[in-house]
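2 protein chains.
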Amino acid sequence: MKSDIDSLMQAANLDAILVSGSAQHNPTMFYLTGGAHMTHGELIKKRGEEAVLYYSPMERDEAARTGLPTRNLMDYNYQELLKESDGNAAQATAKRYKQMLSELGIESGRMAVYGKVEAGPSYTVLTALQQLMPEIEIVGEMGRSVLLQAMETKDASEAERMRRMGQITVEVVDRVASFLQEHKAKDGILVKADDQPLTIGDIKKKISAWVAGLGVENPHGVIFAIGHDAGVPHSTGNPEDLLQLGKTIVFDIFLQEPGGGYHYDFTRTWCLGHAPEAEQKLYDDVKFVFDDIMGGLEANAPFPLLQKRTCDLFEEQGHPTIQSDPRTQEGYVHSIGHGLGLNVHEQPSARGKGNLLKPGVVVTIEPGLYYPEKGMGVRIEDTVYVREDGEIEVLAEYPHDLVLPISKT
Amino acid sequence: MKSDIDSLMQAANLDAILVSGSAQHNPTMFYLTGGAHMTHGELIKKRGEEAVLYYSPMERDEAARTGLPTRNLMDYNYQELLKESDGNAAQATAKRYKQMLSELGIESGRMAVYGKVEAGPSYTVLTALQQLMPEIEIVGEMGRSVLLQAMETKDASEAERMRRMGQITVEVVDRVASFLQEHKAKDGILVKADDQPLTIGDIKKKISAWVAGLGVENPHGVIFAIGHDAGVPHSTGNPEDLLQLGKTIVFDIFLQEPGGGYHYDFTRTWCLGHAPEAEQKLYDDVKFVFDDIMGGLEANAPFPLLQKRTCDLFEEQGHPTIQSDPRTQEGYVHSIGHGLGLNVHEQPSARGKGNLLKPGVVVTIEPGLYYPEKGMGVRIEDTVYVREDGEIEVLAEYPHDLVLPISKT
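Protein chains in written order, with the numbering used here: chain A, 1 to 409; chain B, 1 to 409.
Same shape as in the complex, but just chain A (with noise of 0.2 angstroms):
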C-alpha cells in the first residue's frame, strides 16, 4: 500500500520516481494524489520523502485540495528556457525536470518514470533529460514497477472505496434482475408492453442511464450476453439479440469511480423463467467450484495455486481446461481471477510465482465454463478482499442464484 512506497523504492535500488499527465484516467498519478481533478500536473517523490505536485496555475485549488506540497510550474519560466534553447521544445521541458530535481536534492541515483503519456513527446524529453543529466538513470520498469506493487495491497480507505462501488454494482444489478421481470414473456421471449421484443440493446441502455444517474463511470462497457454469445468470455453481447427464456445469460459489469478511480468487479449468470436440465448442469459445476474456491480462501496463499485447484476441479467434472489443453475454446479457459484497484487487471495475478493473497489485496474469484457450440456459458464472479486480520470478506454481497423468476405471460 501507500505507506510501503519508499520501502518498495528502496528494494527496488530507485531514489526517485516522476510521475506525469493528467490526475484522471491514469492510475499511478490517480494514486499518488487521490483522484485530484488536474488535466496536467508533475509528481516527484525522493525516496523517504513526501511528493511534491506541481501545478498548472488554473488547477492551483485542485492541487491544494490534495493535502500534498505543491509548487506552481508557471515559477519555472518556460518560455525563458524555450529561448535559451533555441526553441527546441523537448529541451527546454528536460531543463525544467532539472530544476524541479536539482531544488528537491536529486541529481544522481536512479529514477522510475510513470504516467500515461504520449509516447512521442514523453521519449524525446525523457531522453533529452537522460543526457542532461547523466549522472541519473532513468528507468522505466517492465511490468511489477514498485507503484504497481505498492498498490497490490489496499488500505482501509481503499477497501472503503471499492465497498462503495460493490454496493453501486449490486444495486445497479438489482434494478436490471427487477426491470427484466417487470416484462411478460410471450412465445419464448420476453417482450414490452406493445408486444415488441425487448433486446440486449434496450437493457443495456437502460444499465448506462443507471449508472450514470448513481453518479460513477463504466468507462469498458458491460458484458450482458446470451447463449452462444454467453459462452465467448469475450463478447460483451448483441445489441439485437432477445431475451429467451432458458438461456443463460452471462452479466459481468466492471464499473469504476469517476475520474478514472477504483473499481468493481462483478459477474452472475441467469436463465429467465427456468433452466433446462444442460445449463442447470453447467452452473451446478461452476456454482461447485466457486463455492469450493470461496470456501478456501486464506491469508497468504498462493493465488496460482487456486488456478490449478479450479483446473484440477473442472476436469473431474469432465471440462476441458487450458491445463489439460492450453488452446482449448471450451470449458475452463481463462484465469480463476486477477488483483483489482484503479486498474481492471493488476497484482497479483493467478499466474507466475510469488503471487500472493497477502493481507490487503483486492482480487476477483471467477470460475466460468463455456461452450459456446451448446449456447451456453457460465461464470460466477465476486471481489475479496483480504484483511488485515487476514479474514476474507466479500465487498458486495449479492445471490447467486441461477433462474430469474418471469412470472408474467
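In short, the hints are calculated from the structure, not lab data.
Some clues are possibly wrong.
Remember, identical chains collapse to one label, so a pair may be satisfied in a single copy or spanning two.
Capping the alpha-carbon separation at 25 angstroms, the derived lysine-lysine pairs in DSS-like fashion look like this [said to hold, decoys possible]:
no. : residue 1 : residue 2
1   : K46       : K98
2   : K358      : K2
3   : K83       : K358
4   : K83       : K353
5   : K184      : K408
6   : K206      : K46
7   : K205      : K408
8   : K308      : K353
Because the structure is a prediction, the values reported are computed rather than measured.
Following the hints, complete the assembly by docking chain B onto the known chain A.
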C-alpha cells in the same frame, strides 16, 4: 485529413510511423483504426503503403472489421524472444518490433512513434529498439506532429460524425432547458414540487443520465456554473449552488463518441426568468462580438487574426483583455477558439503563425467575458466546419437567447 498522411510524412521526412496502445481513448490509434474495439494493438505504416494492424488473438474479429491489413501478434513468438533475451521483456518486445518492421521493409530512415501509453515501459522499449536498430531514427515529435497535422482537417465522414454529436448535444441542451422550465420559482430560486430548492448537482445528474441514455460519453464533465462561478472560466460549477433567477449560468458541454471518438463543443449562457441590466449588457457585448466573428468567418483566414479582432472589439467596449493585460483575470481571458476532433483541443490554434482556417478544419468560436467579483460571466460557443467548398457550416444550430423564461411561480 487521412489522405494527406503520406505527403505530410514526406514533408516531415518520416519513413514510417508506429502507433501503440488501445484503440479506445487513444486519439491516434482511434484515428487510424476508425475506433476499433481493441484493448491493445500495434499499427505500423510505411510511407506510401497502407497501415498494418497487429492484434491479440482474442481481438481478431475487431481488428478485421477495420478493413486494414492485419497480422496476429502471436505469430511473432514472444515467449521464444523472451527466452532468448534472458527474460528481459524490453529486449524481447524490441526484437518483436524489429521482426515486424523488417517484414514491412522498414530497415532504416526516420520513424515517428505515437499512442497513449505508460511512460516507463514505453521509454525502456523504445530505447532498446533504438539500440537494436541504430539505422532507424526513432522520432518523438513535440507539438504539431504529422498525425496532428493530418487530424487538423476532417473528411466528409468525420464531419458527419461531429454533426451527429452536435445533434445529440443540442438534444441534451434542449432537455436541460425544458427541465429547468418545468420548475417553479419561489423567493427567486427554482424549487421542486416539494418546495425544496433545485441544485446544480441535480441538473448535472440529469445531464449525465441523458448523455448515457443517448449512448455517448461525457469524459471531461460539464460546466454548469452560476453567478460568481460563471465568472471563472474553468469552474465547473458548485453542485450545491441554487438556481437563482437573473444570474448568469454558463453551460458548456463537450460530448464525445463512445470509446474516445469525436467531440462536439458547445456553450450557452442563460439567465432564468429575467436578465438584470448588468447581465443583459454583458451578454449583449459578447453576442455582438460573437456575431461579428461568426459573420466574418472565411476559409483560409488566419485563426489568430480572429483572436486579435476579438480582443480589439472587447477593448473598444471597455473590457480588459489578455491583449491589453496578459495577466488579467477579468474581461476576456482566453482564446477565441480551438480546433476540435478526437482531441478536445487540437489544431488549428488561435495562437501562433501558420494556423489557417483551411477547408476541412472544425473549430470552436467562443468569445466570453468574466467578472467573478461582480458575480457574472457570459460565454457563447458554436462549433463550425469549414467545408471543402469554403462555406462555413455551424454543425448544430441552437438559439443563443440569454433569458430562459420561467412561467411557473
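Verification of the hints:
1. Proximity of K46 and K98 under a CA criterion of 25 angstroms is satisfied intra-copy only: 14 angstroms inside one chain copy versus 36 angstroms between copies.
2. Within a single copy, K358 and K2 get their C-alpha atoms as close as 15 angstroms, which meets the 25 angstroms cut-off; across copies the closest is 50 angstroms, which misses it.
3. Proximity of K83 to K358 under the C-alpha cut-off of 25 angstroms is found in neither arrangement, the shortest distances being 52 angstroms within a copy and 29 angstroms between copies.
4. Taking the closest pair of Cα atoms, K83 and K353 come within 25 angstroms of each other only across two copies (17 angstroms); inside a single copy the shortest separation is 52 angstroms, beyond that limit.
5. Taking identical chains as interchangeable, the C-alpha atoms of K184 and K408 lie at most 25 angstroms apart only when both belong to the same chain, with a minimum of 4 angstroms there against 40 angstroms between chains.
6. With identical chains, the CA atoms of K206 and K46 are never at most 25 angstroms apart, being 47 angstroms at best within one copy and 44 angstroms at best between copies.
7. In this assembly of identical chains, the alpha carbons of K205 and K408 lie at most 25 angstroms apart only when taken from the same copy (23 angstroms versus 33 angstroms across copies).
8. Taking the closest pair of Cα atoms, K308 and K353 come within 25 angstroms of each other only inside a single copy of the chain (13 angstroms); across copies the shortest separation is 63 angstroms, beyond that limit.
The structure does not agree with the numbered hints 3, 6 stated previously, though it agrees with the rest.
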